[in-house]
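Q: Letter by letter, the chains look like this.
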Amino acid sequence: MTAEQDVITAPKAASAARHGDGLTREQLLSAYRQMKTIREFEERVHVENAAGAIPGFTHLYCGQEAVAVGACEHLSDADYIISTHRGHGHCIAKGCDVVGMMKEIHGRRDGLNGGKGGSMHIADIGKGMLGANGIVGAGQPIAVGAAIACKLRGEGRIAASFTGDGASNQGTVFEAMNMAVVLQLPKVFVFENNGYSEHTGASYGIGCEDIVKRIEGFGIPVWQADGFDFFSVYEAMGKALEVSRNGGGPTAIYCETIRYFGHFEGDPQNYRAKDEVQRYRAEKDCLVNFRARMEADGGLTAAELDAVDREVGALIERAVQEARNAPRPRAEDLLTNVYDNY
Amino acid sequence: MTAEQDVITAPKAASAARHGDGLTREQLLSAYRQMKTIREFEERVHVENAAGAIPGFTHLYCGQEAVAVGACEHLSDADYIISTHRGHGHCIAKGCDVVGMMKEIHGRRDGLNGGKGGSMHIADIGKGMLGANGIVGAGQPIAVGAAIACKLRGEGRIAASFTGDGASNQGTVFEAMNMAVVLQLPKVFVFENNGYSEHTGASYGIGCEDIVKRIEGFGIPVWQADGFDFFSVYEAMGKALEVSRNGGGPTAIYCETIRYFGHFEGDPQNYRAKDEVQRYRAEKDCLVNFRARMEADGGLTAAELDAVDREVGALIERAVQEARNAPRPRAEDLLTNVYDNY
Amino acid sequence: MPKKSMREAINEALHLEMARDPSVIVLGEDVSGGAGGTSGQRDAAGGVFGLTKGLLPKFGEHRVIDTPISESAIIGAANGAALAGLRPVAEIMFSDFIGVCFDQILNQAAKFRYMFNGAKAPLVVRMTVGAGRSAAAQHSQSMHALLSAIPGIKVVMPSNAYDAKGLLLQAIRDDDPVIFLEHKMLYNDTCEVPDGDYTIPFGEGVLVREGEHATVVATGQLVKLATGVVDRLAAEGVRCDLIDPRTTSPLDEELILESVRETGRLVVVDEAPPRCGFAADVAALAAREAFASLRAPVATVTPPHTPVPFAPELEREYLPDAARVERAIRSVIAH
Amino acid sequence: MPKKSMREAINEALHLEMARDPSVIVLGEDVSGGAGGTSGQRDAAGGVFGLTKGLLPKFGEHRVIDTPISESAIIGAANGAALAGLRPVAEIMFSDFIGVCFDQILNQAAKFRYMFNGAKAPLVVRMTVGAGRSAAAQHSQSMHALLSAIPGIKVVMPSNAYDAKGLLLQAIRDDDPVIFLEHKMLYNDTCEVPDGDYTIPFGEGVLVREGEHATVVATGQLVKLATGVVDRLAAEGVRCDLIDPRTTSPLDEELILESVRETGRLVVVDEAPPRCGFAADVAALAAREAFASLRAPVATVTPPHTPVPFAPELEREYLPDAARVERAIRSVIAH
Ligand SMILES: Cc1ncc(C[n+]2csc(CCOP(=O)(O)OP(=O)(O)O)c2C)c(N)n1
Ligand SMILES: Cc1ncc(C[n+]2csc(CCOP(=O)(O)OP(=O)(O)O)c2C)c(N)n1
Ligand SMILES: [Mg+2]
Ligand SMILES: [Mg+2]
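Chains as they are written, first to last, in the UniProt record's numbering: chain Y, 1 to 342; chain S, 1 to 342; chain W, 1 to 335; chain H, 1 to 335.
Bound conformation, chain Y alone (with noise of 0.2 Å):
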């Protein structure tokens, strides 16, 4: 692609997802309790950041929720995603313990990596969550592995790997595909667009006009989604899981979305439009989205909603301050986990 893309489009075969209907009011309840958390969560974590409480690189989720969540609403522990450096959202889409996590950005002893990992590293292999990934593209060759393990038991577990734009054009990340393909993998490639690779954006590193015919092209069949919208990112998902879990190989989702904050805590922006997030905000944010579609089809109530809200709030409330006050490593625990002896 050659001309700047137009920032707010309908994706090109957006499932106008009135299919949500489907799910019960606890899955319901459980989508919306998920993107709140990711929201909450990464909004305090920004503040945080801001403040100086949390060491090293912050790659913050917001705006995204409804990819990592309309993805792994349909998971369990049983099934493996691996993420990226923006990792945040799809750990707690997957069930990763959000104090822990939140204990682990601070650099805490009792974080979900013993604060050895950091914001670019929470990983819980017991939820099948194989970490976020500081190095764009290795975690999915990495599903791919992950993959071959499911198949191999044959319990129709599968893996997925979180892609960015950016991290499309990764070498790797090729390499996954095919390789998935050669093997009738069950595994799903969650592409997610989000605009941009950094500082420059999605149509310039991608070389071809779609990138979808792209996925394609390697033999993958691909769902479109909204990714402003849980219940289209959902919908595409089955149906991939659907191919993927009964034998029929590996199989993608391509969503477009936006992340609300800079690439990278600090980041200046100076590549984006002075309105586009505030557009972003005000006309697709999942959040807002969803309760919408609730008032519509009466799903749930703004009572119910309001109350998770609040519970999500005293959440992470609550794992912030446990952050604060919760230990630092000791200078022994630099010498443990290395090996199996030390």
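One or more hints might be untrue.
[As the list claims (entries may be wrong)] In silico DMTMM-like links for lysine to aspartate or glutamate, alpha-carbon gap of 20 Å or less:
1) K274/Y / D43/H
2) K224/W / E204/W
3) K120/W / D333/Y
4) K53/H / D189/H
[Unchecked claim] Between beta-carbon pairs, the in silico distance windows are:
5) L207/W / E322/Y: 50 to 58 Å
6) R327/W / R279/S: 36 to 44 Å
7) G228/H / R232/W: 18 to 26 Å
8) Q278/S / G54/W: 26 to 34 Å
9) G54/W / G50/H: 56 to 64 Å
10) G85/H / E262/W: 52 to 60 Å
[To be verified] What the simulated footprint calls covered on chain S by chain H, stretch by stretch (three residues with Cβ under 8 Å from a Cβ of chain H suffice, anywhere in the stretch; the number is not a length):
11) 110-123
12) 146-160
It is worth saying that the hints were derived from the structure and are not from the lab.
Cβ coordinates follow ideal geometry from the N, Cα and C atoms, glycine included.
With chain Y's structure known, arrange chains S, W and H with the ligands on it following the hints.
A: Here is chains S, W and H with the ligands on its own, set in the frame of chain Y:
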């Protein structure tokens, strides 16, 4: 592809190739001479290798001559190519000195690379031949760089890379394709499917049904050619070059062909039907085809072609004799050409 | 005891462990071979060097996995399979090729346990190392030094068939990522190798020869070379300890230091290039920890700081040889 | 003379050399930035650390090339452009990322000249190294040791803004592939840097401090650390030679050996992990070539054999600090 490929089929869109007529007598003679030179060179290396005269790993190009020559007859020393582990054919087609090559393969001091490269690393930068390469998939990104230089100079030069069916699955090749599109480089990707990647059929490693669609998915136009037919390859390459030389960005040609020998010298070829090579030699050989074509349309006489055969035979004989008698490297050569100062 | 080549010993270890532990899988290019070929024959290669021969027929396609040429995806897949509870054994034909999949070793396998609060990634990556076959600069390198520099992985380099089997069984059962380096010049070397199950622990070197005059540390194919030299010198009364560390990470520092503290003299013979190499590593160890006992400059015998050349004459010149090893031993003893 | 930060000095060198030599190009992710963005602003980043700021507006898109996230293609392209006669300066933000493009360094750039009978590939690859920003295991590594182990490339690691400018100008003009390592903790450090053109030759270290009691060799951000310690000790009469090699490959062995021959004592302070590291390399050099002069065990101060941890407390514990450097100097002197 899951089914094994039908071994002798016409390429999907083989241009029936009655367009060679546009070539002059000199061009026809040159094309035949180049193909014949490669054939004789390789058949002789095969013999010398069996006799123990050639150290190291040697991969022969016999059978695929029409591809290298069909592509390179369009190029001058000012254009660049980069080759693979199976590089002799591309080197000869690009104009490398045959005697120097034979010496190099024999590990002699005045070989084209001073005896330090060998079969897998023959190069001649002055001829625009940026090297055979022992790392599968390494050449394509390098050719991207040569194409950047061509574009910067703005003189209509191009860079071409040769990529096997096996190599086409390497991440670096995909990266190079995308990067060439992003930067709109004068680069031609020559895909050369000889049916096998070592001991594995091409259809296994290439997961998708149609590799051409996979390439097109990157935004690169592909011209398909019959890899056994010089004229077909020549025509496809001509079309690709018309685009790439004139600012149209990267292009590709795709050729199906076959190698007559094993993957490496010594390969027992258990993966291959017993009579496969024999049938190809009998029915599809590029030299036989070329002669038949000349006979049919009178472009060159049998006597003229026979004269080329004799000339080439003498050249290869001389190359072997000179290689045998050439001096071996001296101990002190070990410590030259590491850096600018030793 | 039956004599077996290192090739046979490694193949046997793979057969044994795949039979014993259903979580072991093998993956790589042509580990079986023949897929998509016109002969219809599978197991057509069993690895380009024949090390995985016979595995596919016995353990099937789900556990013996031929891959495209996509080394990042191969090692990445091994990483993911290991995190997901399998014990993958990946093959990268030549250690030189780690260039194309280095991230999956350097930043993934090596760091999971540390970054992920103790997560286990019990994978093995087998690859050939070393010069001697005129395979030139991109197929002859010795990567053990470079790999040993990476905290979080273990690096194994057997010098004979017996060790190869025991070390490989240990490698597969080990809960850490292990790089298993097979020297191509040793594949056909034979020695007595028991049929059954045995493991050799990591970080335990072996004293191949005993002597009081000097300590010689050698690795890989050079253990054989050094043994010849040490034996020749013993005949004239110069007796050396000869140590084969077997694993370069972890390294049996104690064995080396104990010996050096007794002999006061150290010669390190290694095939990695000299800068930041394994020979330097051992020399530094002695200079730090056994300085008081050292009675001569440490001598190292390595290739020069050059790529590996193609021509056989140059390759011979490149590699440590008996004359140079002997000269080094004599030089430290003369001090 | 004007004071400039290392960031400014490097940026200035790039501007100067691009203006002087039309064959110099710059490529990498976001070296300009803003392409395809909605603000329409180019040069929106000028490199994620701002090192290439202002180049695109001045030299245009043909010479300042933003790339997709495809490091193999970036370094491959630099290789090919160099073979084709340009002088590319590629940027890989973090040296940790060499994992994804290592082949193009290890097997391509480093070996062209040797394999191809003297072919020149005058490329520069700039990348950040080092810990200190809690960037954790995949964004904090120091790769100079691992890279110095590769014959055929040169490895440069400036410790201050003045050296950075002169070494970078040399790197671009050098006919060999050069890896140029910028320590992220030094970017804002300032010193006097002339506006004009000057180069610093490779393989020439600098004697930062002079003293007869011990030799201290330090690299990168640790030169600053070591200077502080050495100055403090000087105040109490313990005087050290402090050597900054500036390039780890080639290494100024003579400068180090001459000093050690005089002081008889050696401390090496380096940020690479200890196994097969740069500290071991220098220690081995002394144990081989200056043994007769050595009067104490060689001391090395490096991080432990672990990945780089995230938490600031652990990262501080990981890195060599003043107390450890001081202890090491005192220990060799006490001998
Ligand atoms: C191998 C590698 N190259 C470059 C980087 C630096 N980097 C971190 S995130 C990023 C952009 C990723 O873009 P995208 O995949 O679209 O994900 P997003 O940041 O939009 O979530 C880059 C270039 C890296 N971490 N790893
Ligand atoms: C990175 C890398 N992986 C694996 C190999 C080993 N290898 C050499 S040639 C080859 C097969 C290449 O197949 P293809 O690209 O079809 O070329 P062909 O041999 O058919 O000419 C393989 C796997 C290598 N040299 N480099
Ligand atoms: Mg993005
Ligand atoms: Mg092939």
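Q: Now tell me if each hint is right for this structure.
A: Right, here's what the structure says about each hint:
1. A threshold of 20 Å between alpha carbons decides the hint, and for K274/Y with D43/H the separation of about 17 Å falls inside it, so the pair holds.
2. Proposed proximity of K224/W and E204/W is supported: the alpha carbons are some 18 Å apart, at most 20 Å.
3. The suggested pairing of K120/W with D333/Y holds, with an alpha-carbon distance near 18 Å, which does not exceed 20 Å.
4. Simply put, K53/H and D189/H have alpha-carbon atoms about 18 Å apart, close enough for the 20 Å limit, and the pair holds.
5. Between L207/W and E322/Y the beta carbons are some 54 Å apart, a value that agrees with the proposed interval 50 to 58 Å.
6. The hinted range of 36 to 44 Å is not satisfied by R327/W and R279/S, whose Cβ atoms lie roughly 59 Å apart.
7. Checking the proposed 18 to 26 Å range against G228/H and R232/W shows it is violated: the Cβ atoms sit about 53 Å from each other.
8. Range check, Q278/S to G54/W: Cβ separation about 30 Å, and the 26 to 34 Å hint holds.
9. About 58 Å separates the C-beta atoms of G54/W and G50/H, a value consistent with the hinted range of 56 to 64 Å.
10. A beta carbon spacing of about 59 Å between G85/H and E262/W agrees with the range 52 to 60 Å that was offered as a hint.
11. Against chain H, the segment 110-123 of chain S contributes 7 residues with a C-beta closer than 8 Å to a partner C-beta. That satisfies the three-residue criterion, and the hint holds.
12. Given as covered by chain H, the segment 146-160 of chain S passes the check, having 8 residues with a CB less than 8 Å from a CB of that chain where 3 are the minimum.
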